[in-house]
Each structure stands twice: as structure tokens, then as C-alpha cells.
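Visitor: Spelled out from the first residue to the last, the chains are:
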Amino acid sequence: MMADFLMGYSIQSWLESCPQGYLDGTDYGHQAGEKEPESLLDNETFREDAIRTTVQLIAGERAALAASSGLVNAAPDDPSKMFLATQTLDEARHVEIFTQRLYDLGVKKDELDSVISTYVNPNLVKFAEVLLEKVDKQDFIAGVVGQNIVLEGMAFSVFEMMHATNHTNNPKFAHTLSGTIADERRHVGFGENRIGSLIQAHPEKKEEIQKMQQEMTYHMLATFTDSFKTNEDIIEEVQAQTMNDSAPAVFHGVDLARADAREMEAVLANTVLGEFKTRLGRIGLEYLSPAA
Amino acid sequence: MGEFDPHNLSEEDFHAEVHSFQFWLEAVEGYLSGTDFGFEPTLTDQTFSARELNFLITTICNYCIAEKTALEASSGMIRFAPDPESAIFLSTQVVDEGRHLEVFVHRLKMLGVIDPWSEIKARANQSLLKFKDRLLELVDQQDWEAAIFAQNVILEAMEFTVFQSQQPTADPITRSILASIVKDERRHMGFGENDLGRKLVQAPHTRRRLDQISKELNPLVLATFTETASELGILHEDRELAISANYLATIKRLGFAV
Amino acid sequence: MNDPLEVIAGRDQRKRYTLGETGFNEVPKKYRKFYRKWSGQNDKLAPNEVLCPVCLVVIRSARELRPGDRVYCMPCMSRLVVAMEDGMLLAKVVY
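Protein chains in written order, with the working numbering: chain S, -4 to 287; chain V, 47 to 304; chain B, -4 to 90.
No false leads were slipped in.
Here are the simulated DSS-like cross-link-like pairs (lysine-lysine), alpha carbons at most 27 Å apart as the crow flies:
no., chain 1, residue 1, chain 2, residue 2
1, B, Lys39, V, Lys298
2, V, Lys298, V, Lys176
3, B, Lys25, S, Lys103
4, S, Lys104, V, Lys245
5, B, Lys25, S, Lys30
6, B, Lys32, V, Lys298
7, V, Lys167, V, Lys155
8, B, Lys87, V, Lys261
9, B, Lys39, B, Lys25
10, V, Lys245, S, Lys103
11, V, Lys298, B, Lys87
12, S, Lys104, B, Lys24
13, V, Lys245, B, Lys87
14, B, Lys28, B, Lys39
15, V, Lys261, V, Lys298
16, S, Lys272, S, Lys132
I should point out that these hints are in silico values taken from the structure, not numbers from a laboratory.
I would like the entire structure built from these sequences, with the hints used as guidance.
Guide: Here is the structure:
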């Protein structure tokens, strides 16, 4: 029944799944006492790379926090409001745990703002701006598609890929990511399930939303290209150092422990875009390629 | 014990600790684990007289207005929070307020209300509605000091006071619900009073503007107290004063005229 | 503000207290024994306790409290300084 289904969006349900579930006993998203590996902290190149990557995650989560909190008041019904309230806190938690990771990587608290401005990818900033323009207009449908299908869909695949590359060599970060992946599942699920009927009721919004998706996808792919281009040498160095020790890190059929930067970028982009097409199709929207 | 002695924390570490999601997570574990919509699932409802039920439903309807206001205000404020720690704290407040609204609406249904939001509309306290409109205006204007003052100092202090006043005489289920809510409100009130207090020390000229807002909102708050005291059956003048004393003490500590 | 280093060195001649659980459950586990519920006007505070004026929770310390001591109230996130007024110890909020 619809009423039972919507109960899944309740705060009671979130409490039982999340803080009383998979977050119970965790410390900033991982098990107490887990640390970043010495091999990462002692190598300045790897450490800087980890900082750069984590900065992008923080930027994405800050955008998600601004979007979900901004959409609470635009929500047309109580279950959606309640869900977005829980998503607001999930995103805040993500900001916090990734910020904590920066501190664990040696960034000092008074350096936080300057480190973020130094390393944040300008394309990711633009990606966020496109979304937040809709949120600021209190456009619920566009906001949820942009946030819960596009942004969260991207984050879901990025986190899964990072989890695959870290689960052997960096259990602390992998555990941190597991919790965020569990959260993103809910967020993406809300996007798909809640928005489908609203889009059917408002077909006049399709063109505008598809254009928003196209623009966000452009900036997302540009962010990926920048990131993998910057990391090309580091990826080679890591693989050279760990070649004989590394267990396979398989992500959608590609062994990330042995793939080069271009292959990694391709599998990530293809995965994300494939999921966009599928999810958008399910809710009655057509995926628009940024190349079009 | 020395390792976790909170009084040994530096001020910076203390603020970072108490505003974090991690702190919230570990704090609410203490009193929300095992509860079902805010109360112990083993509790059963008592039988109410028609008069008691009527007053209780009116009271909870107005609690719903207050909590919905708080939910909308706190979520709206995240966008212009002055720093990430404040944004994270407000995010915990968003879920707290959402939870409060959810449990009160659930309570109304338990009390036999078929359409909670129609009932809420019919029984709404007019002073509270005016307060709500003004608060949400301040949030729309992205005025941090004014919004924090109205939301986390005035509204939260009002709720804290009223919930604490009702708790001792409430039925077991309502009492259990209020007990957990009061614990959340302590954090919200404390955040507001301390944040505003710090800002007033740093920028004393802000006081004049907030004094105006205080003068504007105080009559609405005190009118709400009077009506609520009547609904709760607290009819004597001295109890009416008690219900507002805590609230007035907060305003006074911050140096505002009452 | 009183010098916390004096506490560590034990030079301050203050009585020490071993804090037990009080049933207080509003803060993370590791901090719970530092707070307890206030039971009202008849609640007599120990020499290592003060009442938070913001949220009316009793704050407890592992040492005897004196005017000038800084304490924190975690339930309401307030910073307080202990003061003596009319012969009684109380806590004042410091913004």
C-alpha cells in the first residue's frame, strides 16, 4: 500500500536503519582506531593526491547538503519533507567525515579553507551551481532530479569505485565509504520513486530538467577528465609499487589495480552515464548527452 | 576518566566536538534506541475524558505548528550558515525537528484524529502563526543573527519551557515523547544562546536590531504561553508566571529587555 | 580562570571525586558521568557540582569546584565559569 511504502521515508525508519543500524559504534564513519595507511601518509605524492580527491568529495557533499536542506521547504508532502530532513543530515555527516579525513591526512584545521580552495575542481563548482540555481527557485522536481538522480547517482558510482580500490589497502577509508554508499542508495531510491509520478503530472517540466541534466553531465565529465589526467602518473606509481601485492579491485569488469588512468576514467564515465540513462528513463525523462 | 574529561577540552575542541554529527549520533543513541515514534513501545494509552482529550489534541496541534516552523526555519538556514560546523549542527537540528513533527502527528493519529493537518489548521494558535510567519521572513532574508535569535533562542526556549511544564502531568505516552524532545531542545537552545551571545560580544551594534525583534516577538510568545497554560489546565497566575520564567531568564541573560 | 596545570600537579589542594554513572543519557557515553538531572529547588549540590542556568542540568567535575573554574555543559553546549554569589557556587554562561 502507498501509505506503507511512504512510511519508509519516515524518520523512525531512518533512525532504525542508519544511526541505530550501520553507523552504530562507528567513529566518523569507520571503526574506532582505524588509521590511514603509513604508506599513504609517508609518501608526499600519494598524500597530496588523497587530499585532492577528498577535497572533491567535500565539495560534492557541501552541494548536496545545500540542495537537500534547501528542498525541505519545497517538498509537496510530509513524507518527502521527512525524507529530505534525513538526507540533509546524511549529507552533513558526509561533509564531516570527509573533512575529518583531511585532518587525518595531516591538513591542519586553520588550513582547511585554503586547502579546499586550492584543490577544488572548478568544473565541480559549476556542476553544483547548476543544481543550486534550481534549489534557490524552490523547484522541487528539478531539484530532486538534479540532486537525487544526477548528483547522487554520480556519487554512488564514484564511491563504489573508490571502495573497490581501497578495500584492501585502506580499510579505514573503505569503511567510511561503505556507510556513504548505504546512504546514497536511499537518496537515489527516493529520487526515482518519488519523482516519477510528479513528472507524469508535469510534462511541461521535462525539457527544462533534461537541459539541466545535460549541463550537469558536461561539468561532471570535465571533472572526471581533469581528475584522471592529474592522477595519471600517481596511478602508475601506485600500481608499480603494489603490483605483486595487490588483490584485484574489480569495478564493472575492470581491474582497477591494473588499469591505466584512461581506462579508469572510461569505466567510471560509462557506468555513471549508463545509470543516468536507465534511471532517467524509468522516471520518464530522456537522457541528453552533453556532446549533443 | 581523565582522558574524556570534557572540562579539560580547549574551547575550540569543545565547540568542534559538540557541533559534530558524531556527537549527535552518540548522544541520541542514549535516549532514542528502542523507542517507537518517540516513546517506549511497551506503554499503553490511558482513557481520557472528552475534555482532557480536547485539550490534549489542541496542545499537540500547536506543538505540530511549532515543530513544522522549526523544521522549515532550520533547514532554510543551512544555506547561509556562517561556517561548516554551524551547518552541520543545524543539519542535526533539522532531523530533530522533523522527528518531533513526525512523533506529534503520530500521537494525534493515536488519539483518534483522522486528518491531522485539517485539525491542526482548525485549532491553530493565532499568536503562534504570526510568530511563524515572522520567523520564516527572517530566514528568507538570510539574516543569521535574527533567525538564530527568533528560532533557536525564542522559539526553542518557548518549546523547552512548555514541554517541561507539561511533562509531569502528561499521560505516560505523551510524557515519554516529551522527555526525548526536551533532550533535543536543550541542544537547540544552547546552540542559539551561545552562538548569539558570541556574536553580540563580537559585534555589539547588532544588539539594537535584535532588541527590536525581541520587542516585536515577545508579546506573541507570551500570548502563546497564556493560551497554552489555559489548554494545559494551568490556571493559576503563579503557574502562568512559572511557565514563562525560564523563557524570560534566557532573554535577560543575553541582555535584552523583556 | 584557574590553571588546569595545578590540577595535574596536585598542587591545588582540592578534593578529588570518582564519578559514577547517574543515568544521564543525553550526551555520548564517555561524557555521561559528568552530568545529571536536577531534581529541583531541594536538590542539594555537592562541592563538585554546579547547575547550568541555560538548560538546568547539573554539571559534575572530578575535582572540587572553585570560583574561576571553567566548566562545559555538553547537553546545551554552553561554556560556563564558576562564581560565588551569596555564599553559593553557581555557574555563569560565558559567550
